[in-house]
Every structure is written in C-alpha cells, then in structure tokens.
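A.B. asks: So the chains spell out like this:
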Amino acid sequence: MQEEIIAASSLCVRLNNQTILDNVNFNVAKGEIFALLGGNGAGKSTTLKTLLGIVPPSEGSAAVMNKSVKTDIDFIRSKVAYLPESVMLYGHLTGVENIEYFLSLADITCSESDIERALVRVALQEKAWRQPMSNYSKGMRQKAAIALALLRDAPILFLDEPTSGLDPNAIDEFNQLIATLAAEGTTVFMVTHDVYGACQIAHRIGLLDHGKVVGMFERGDQSHINTEEVHSAFSKRNKR
Amino acid sequence: MKAITKVARDEWRFWHRTKLAATIIVIGTILTIASAVINTIKMQEAMHERQHLQQSSEAQFLDQPDRHPHRMVHYGHYVFRTPSTLSIIEPGVDAFTGTAVFLEGHRQNSAMFAEQRQASGMTRFSSLTPSFLLQVLVPLFIILIGYGSVTREKEAGTINIMVTQGFNVWYLILGKYIALVACALLMLLPLIVAAIWATFNGESALITSSFVSGYIFYILVWSGIVLAVSTLSSKNSTSFASLVAIWIMLCILIPRIGSSSAAALAPTAGKLEADFSVLEELRKLGDGHNATDPAFEQLKKNLLVKYNVDSVEDLPINFRGTVAQYSEEKLTIVLNQFAEKRMIEELSQAKIARQLGWLTPTTALRSFSMTVSGTSLETHHRFLREAEQLRYDFVQSLNNAHQNILSYQADINRHKDNAAARVSADNWQVLSSFSFKPDTAQTRLTRSLVYGGQLLFWLVVVLVVLRFAVRRVR
Amino acid sequence: MSLFSNLHRETKFLAKQRNLQLLFATIFVLSCFAVWSGISETTSQITTIERLIEKDTIDREGVLAKQSDYGSAAYYSFHLTYSSPSNMAFAAIGQRDIYPWKHRIRMLAIEGQIYETDADNPELSFLGRFDFAFLVSVLLPLFVILLLHDIRSVEREAGRYDLLVTTSKRQQRLWFSRAIVMCSALSIALILPFIAGALYTQASLATTGLMLLVVLGHITIWMTLTLTFTASKAAVKQSSAKIASMLLAVWLAVAVLVPVISNIAIEKMVTSPKGGDILLTQREAVNDAWDLPYSATWDEFLSTHPQWKNGIDMGPTFEWKWYYAFQQVGDQKASKLSNAYREATLKKDKLASHFAWLSPPMLTQRLMSSIAQTDTYAAMRYEQNIRNYHKELREFYYPLFFTENTFNLDKMSELPKFSDHKEKSKG
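Line order of the protein sequences matches chains A, B and C. For the first sequence, our numbering gives the first residue as 2, with consecutive numbering after it. For the second sequence, our numbering gives the first residue as 199, with consecutive numbering after it. For the third sequence, our numbering gives the first residue as 768, with consecutive numbering after it.
Next comes chain A alone, as it looks inside the complex (with noise of 0.2 angstroms):
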C-alpha cells in the first residue's frame, strides 16, 4: 500500500448540537487526487475546517501526515497549501506583492524570480503581475493562489469548490495543471459539488450526505470516473 497522508477515521463534528459529521472515514494516498462531493450542507466544507485545524473534530480523528490536527495543526498547516472557494487576496496589493506577504507569512522567502516563474507556470498574463489585485477576474484571482500554493512547496494541496466561477478554458487549464502536480508527488485533496468537474480530475471520489460519506469511486484503469453512475448517486441522495 502506498503512503498514507490524510486520514479520517470515525470522525464526527457537532457544531450547536447539530451533528454536521457523522462518522466519516476515509483516506488518501500520496499522489492522488481525492475528491468528497457532496450537495449544500453535506459537510464537506466542514471536512476540509476540520483538517486544516479551524473546527475541532468531536469524535473520531482527522490526521495529515501521521499527525493529529488536534495537537500537531501547526505542523500540518506548514505542509497544507489551501486555496480557498473563491480567492480574495488584498486588493490594494499587487498580485506578486500579495505572494510576497503570503509567503512571508509562512516564514518562506522566496525571489521574484521564483515567484515569476510559477507565476508564469500558472498562466497568468504578464502584464497583471504588477496590477492592483482589485482589478483581477475570479480566473486571475485564482491563478495567482494557485501560485502561492505552487511557490510554498507544499506536498499537500487543499482546494475548496476549485473550479467555481471559471470559464471552461480556465478549469482545463487548472485540471491539467493539477494532473501534472499530482503526478510529481503532490497529495490533492477537494471537495466539490461539481459532479462533471469531479469525476474529469480526480481519482477517487467520496460521496458525502449529511454528514455521512454514502459512496466512494475509483478511476480504476479509465482515464476518468464515470460521470453517469456518480451522478445517478448523487441525484438519488439529493432527491430524498
């Protein structure tokens, strides 16, 4: 078995005296691309919190890297690159000037150099890198996170709703860029209710609802999950 790098086993989330995770489990191996679709309110949101420390889990356990996130979070967030769902840097700050303070915020220095090369890696136009990021699209936004994320060196990548809001052109272009980091070692973990987008990229799927994770599909040797029996599952689970 490949290496272990995030795993969920038993855990359950009780915000209020809601219960919002009920005994999830699951892992993810190194390299791969994990994806937990759910509808609104399944709790995939509060998965990806949980994981990256900022809700505590109330049973069970949630660990990255063989480490709580109850006692090791520091740890883990060193190794985590987060994109959020919809990327809001300072929009006073350039887009190069923002992966500056970011990246000086988890204590890595890096040259602009660096940052231009990823910066072009990522495909974002050279004329915005030195642009207020108030005038970026959603698109520019999440190229110049992506950049970030690339930049940190991160062996983990957490993405929220990735795909949201872009154009058809951009979310090719961030498939195949998070197919080449995955196949360079890179750990992708997303939660999506984006079935389609979902089965295009990721290698493994994990149904959630309510709180439960209720299906769970491989890739297998396909080039991508079949989108017909995941959605078939998903609207099943919806409708009810």
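Worth flagging that the hints you see were computed from the coordinates, not collected in a lab. Ideal placement from N, C-alpha and C gives every residue a C-beta, glycine not left out. Take these hints with a grain of salt, some might be off.
Quick list of in silico lysine to any residue cross-link-like pairs, SDA-like style, CA-CA up to 25 angstroms [said to hold, decoys possible]:
id : chain 1 : residue 1 : chain 2 : residue 2
1  : C       : LYS822    : B       : LEU480
2  : C       : LYS1103   : C       : TYR1090
3  : B       : LYS433    : A       : ARG15
4  : B       : LYS217    : C       : ARG923
5  : C       : LYS1000   : C       : ARG923
6  : C       : LYS783    : A       : ALA129
In silico contact screen, one side only, chain C against chain B (beta carbon under 8 angstroms); selected entries [unchecked claim]:
id : residue
7  : SER807
8  : THR815
9  : ASP826
10 : PHE901
11 : LYS1009
12 : VAL1023
13 : PRO1040
14 : GLY1042
Since the structure of chain A is already known, use the hints to place chains B and C on it.
C.D. replies: Frame of chain A; chains B and C shown alone:
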C-alpha cells in the same frame, strides 16, 4: 406615500428583531430621562438655594444697625444669579462662571465660586446634562442604529431587486429617514417634556418651542448624515467606520478646536492686567476717602462758590459725602469702561468659537441652545451689568445719605466719637431687591438667529448630499 | 520566525494601505494642533506673567514713593503672585483654565481676596480645550478601536481569514504583530509633535519620559482590550460594525459614564462649606470691628500674636495697626470654614484619584495633568503659596506698625518677594 410608510415600518420591524437597535434606543432614552431628572433636581435646588441666599443677603443688609453710611458701602451686598428655567436641560456656562458677586464701594468684583472650581474634575469632558447627551451622544446612537440602513440592503442585494422592480429609491431613502428620525425623536421625548414643564414654569412658549425645534433640526441633520453615508458606502463596515470618524470630528474635535483657536487667535489680557490700567486711571481721580486729596480741589472751589461760603465746614452739606459720591461716579465710569471692554473681548472670543457652527452642527446647536435658553456668555454678562447697576445705585444712595444726613463735624470727629458719626438704619432701605431674569424672549431669539441659520444651513447641506447619494444608487 | 521579521512584514504591508495612512496623517495633524495650541497658551501665560511682574514692580514703586506711613503703604500697594506653567504644561492645560494662576494681593484680609478669580472665558472653558492630554485620554481609545476592531473580522468578511490562518505559521503572532505595527504608527503620529513640543519648551527628560510612558500605557491598555475582545468567542460571529459598537459601548462606559457617576458619588461623599459663607463670615468680622470696642479686636489678635501685647495702646485718631489687626481677626474667624473648604476640595480630588482607576481615560488625564503640574493639587499648592506669601507680608509689616513710626522708603526695599515655588522633583 404608502410606499414610504411601508419602508419605515419595515425598518422599525428590523430594529425590533435585531436587539441591538432596540437596546440602543432603550439605553439612550433611559440616559436622557435620568439626566433630565437629575439635572432638573439639581437646578431646582440651585435656584432655591440662590433665591434663598439672595433674600437672606438682603435681609442681613437691612438688619444692620445704625452706622456710618460709608461702613455700609464697604459692608457691601451679595447678588446671586438664579439659573434660567431652561437650564434644567442646558446649564451652559453656569458651572464655569461664578454665580455670586460681592458688591461693595469702589470696586467691581468678579463672580466667585464657580462650581467647577470645587468639583472633582471628573466632568471636564462629559457631564450628565441632557444637553451633553443630546448634542454629543445621541448622534452616536443614531449612527449605531442607522449605519446599516442602506448598506444592509446592498450587502443582501435587496436594493438591486427593488431598483430593478422600478421601486423609487427616493421612497426607500425617505422611508428609512422617517424611521430613523422617529427613532431618534424617542430619545428627545424627555427634552420635550422638560420644555413643556418649563413653559408652565414661566418660560415663554415661543422660547421653548424654538428650543425644541433646534434639537429636532439637529436630529434631522444627523439622521440625514447617517443615511447619506450609508447610501454612499458599499459595505456595512465602511459605512460604520466613516460615520464614527465623522462623529469624532463633528461632535468632539471641531468644537474643542474652535475654543482652542479662539483662545489663541483673540487672546484677552485678563482682568488682572487690565487692572493696572484701571488703577492708573483711578489714581488720577484721587482717593474718595480722602477729601483733602488735591484731585478734589476743583470740586471744593465750585461748591464754595455755589453755596457762597468760605470753608467746607460752612457748607450745608457734608463735603466728605460729596467727595465720596463724586469720586464713586468718576470711578464707576472708568471701571465700566474697562469692564465693557473686557466683556466685548470675551464675547468676541466666544463668537469666534461659535463661528465653527458652520463646520459642525454640534457647535451650531450648542450656541443655539445656550443663547435660546439664556445660559450663554451674554446672559452672564447681563448678570454682571445688572449687578453693577445695583452696586452703583446702593453705593450712591448711601453716599447721598453720607452727604445729606451725616453732619460734617460728626464725620471728621468719627474716631473720637464713634456713636455720633452714624445715621439711622432706616437709610439702608435704599437697597433695591435683586432678582435676576434672563433676557426677554425676543432678545434671546434675535441673538440665536444666526445659530438657527447655521442649523438650517446644515440641513440644506445634508439634503443636498443625500440627493447626490441617491443619484449614485440609480 | 522571529517577532522582528513579523513586524517587518506587517510594516511593509501597512505602508501600502492608503486609508490608514490618511488616518495616521490626520492624527498627526491633530497632535500638531494640540501641541501648538498648548504651547501658544503657555507661552502667552509666561509672557503675561513677565509683563505683569514688570508692571507690578513699577506700579508698587510708584505707589510707595507717594506714601507717608507704613499703614498706607501696605493699604495701597498690591503684590503680584503667580504660578507659571511648567515646561510640560503645554501638553496638559489641566485645571489651569478654571483655577487662577495669577493674583494680586494686598495686606487686607486674605479670605476676602483669595477667591477672586481672573479665570478664562467661561464659554471657552465650557466648550473645553483641545490639548494633548485630551487627545490622548479621550480620543486615543477611539482611534485604537477604529484601527483594531476589525483586525480579524475584516479578513473574515473578505474571505481571507481561513487562508491567512492556515498559511501563517503562528497565527497569534500575525494578529499581534499587526496590532503592534498599527499601534506603533498611531503612537508615532501622536508622539512626534509632542516630543518636538517638549524639546521646544525644554521640558526635562524625566517628565517627557513619564508623559510618554503614560501615553504608551494608555495605548497598550486599549490595544490589549481590543485584541482580547476581537479574539473572544463573543466576537467570532459578529460583523465588524457590531464589534466596534460593543467596543464603543466600553468606551462610553469608561470615558463618560464612570466619570459622571463618580462625580455624583464624590459630591455625595464630601460635604464642603459654601464658599459664600467664608466670605460672609470674614465680612461680618471685619465690618463689625469698626463699631466694636478696640479690646474686642485686640483680644482676638493677641491670642495669635502675643508678642505685640505692649503695642496696642490707641491714640485719639484712626490707627493702621488696629485696622490690620481686625483684618487679621477676620481671617482668623473664617479660617475654620476656609480650611474645611480647602480640605473638601483636596478630598474630592483624592477621591477622584481613586475613582479614576475605574476609567483609564480619566486616569490618563489625571496622570498627565499631574506630571504637567496643572492639576487641582497644583492649583491648591499655588493657593498655599499665596497664603504663605501673605503671611510673610504680615510678618514684615507688623513690626513696622507696632514699633517704628516714621516712614522710610528704603525699608520698603526689604519687602518680601514672591517666588513661584514648584515641586523640585517635577517640572
């Protein structure tokens, strides 16, 4: 119209459901009620105390035994400034000016025993007077209640829905304006009650209604400012931060900057320094206690000629009394000249500070409120002038008794035979009773006209800004 | 990562925020104005005192030259007393606008003169002065609240909070260093004009340092309070505006309500004789004396000045020594009330200093005016100086009244001179 009231009612419902606004209204109203009650009690006590002191001071004067009349000139008399009726809401300069003046011959004393001089020093910034609450804190409360009026709709996107449905933005803004004003008026209720009370206690209805109108204008202005900023802002947080910054500027900073600038721009020499010149002038006049002072040689000659006698001993009147009367008259002219100059300087200083009413509605209202209620510097000056008039009258009446009743012989031998150099205590009746009344309603209203104008100017400015803001929404 | 590099990063970050720069620039301008108006006020007080000293000397010399006996010399000559502002007074005008700082006294009963005030324009005192102490005690908390209330919530509202928290190595350090950087910028904007002012007035290093400590202490209090509150559970789900409202409520409570309520409590706790009663007692005593037998005055006078018991015989005419003796007696009769009055003022001040612990703005205000020697205590000390000087005058004149008889102008050059005693440790 229906749309407007609908919006207003909806706004009230929102405030009712989000407890914050309701809490602020309750706290604000309780604070103003508490301060109005406490201040009314305090001012009533002060009024009774000062009236009582005034009466006992008069009684004491009248009770003095037979004496040399000039003793009574130095014995002197106290007058007290009873507070005006509306000082229950706006005490104005009352705590900072002395409230009692000691009147005696040859001198103009300043008012003594200002309350602040013996206070704990805790109330230099804030005070629990209704006027402080209404002028400084109520705007903050209006901000806390209303900062999100429009930004809330923007953040929720509901304003776009309304606009695209063809709902007139003006109706929306007007509705919210009415709701906010109504809310703030609740905190004004204690003031209105107190004003009605003042009307029944002898204050002119014209004054009290103008007084209340001034405060209503102020609320209209602040509600307008809050709404305009909320309409111009895109987010709750920016609307809030801008409004708090504006509040600090308008309510706290500019009034004080005004008073500091006035002190720096138009410095007054101070009474002490003016006293040197006064003394210099007075020395030229001669000492009225000393009838042989060469300064009175001309007076003596004239009298001798007039009564056709050879020496002062032969005069039918007491020459020492004549000199006292003559020198008091001359001296008072000099004293009044300097006192008037000083009052004019003080007033022009105050007026510089009041000019800042064009820069902040708070100063405009404060000047308006003080001048209308009769607790401004002008009223204090009027008190000083009236006290001076009383002083001059009784001193000169005593000097008259000195001249006409006390014989010259008895007078110059007063150290040998003290008992003979006296006049009957009946002569003390010359003291007229003093009861200080603020200026007439008409004078006060005329005086406050320019500050009322400042408030009006602010209302116009705010409405123009509001109009501009509404245009931006469409 | 060191705290220093955190601070360095946040400083660079702050340097790019236009609206904050505008706020700091405004605060800097306000501080400049406060310091300028304070210096202009104290300079004008100092020059006024200089002018007065000069005029006073000329005036007295002119008057004395015309006199022919010591009694008239004492009666007609005035003596200037004053309390010049300390070098630090520009920063805190304190109570100097309601208590007098200049006074001319005569040999007459002191109780009849000392309550005369040459106070400032009452309407300006009522509006209040804008001095550095006001800026620091009342407005500084508002600035800190404005700067820091949304330190976390603005990131939440902009959707950056999770990213910041997960990216940053030690998130507490992030907020802390941001707060430190903003408050440092605030302090610099406030303090620079003050330091310039202190250099200009040549205030001592120690008082300048103490003043700075108070300013920094007050900033620290509000920074800690705001940071703690924004990190608390109560603030997590709240919008920026609501957090600020709650912090403003705290400000309102400590800057407005606590002082006002303390004032009411203090007024209830301390009973003071009415000022008017002191004057009345003194007036009755002095005026009655004219009509009373001489012995009534002498008995009272000798009880405190037995050394003159052989000098009390009276001639057939008015004698100055008797006149000044009953002035002295007037003071003696009023002294009980007068002492109680001053004690009450000091007691109120003392109580206020205890109550001030409940209100950081009040405490700051009091500390600053105490360092600048512009507080009630300093005013009372000045009043004591006047009384002491008046006593010196009496001690100078009494031997002249009771023993020597011929007026000698040269003797007048030995008149005691008023000196403005300040506490040595300060100023």
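A.B. asks: Give me the numbers of the hints this structure contradicts, sorted from smallest to largest.
C.D. replies: Violated hints (numbers, rising): 3, 13; every other hint is consistent with the structure.
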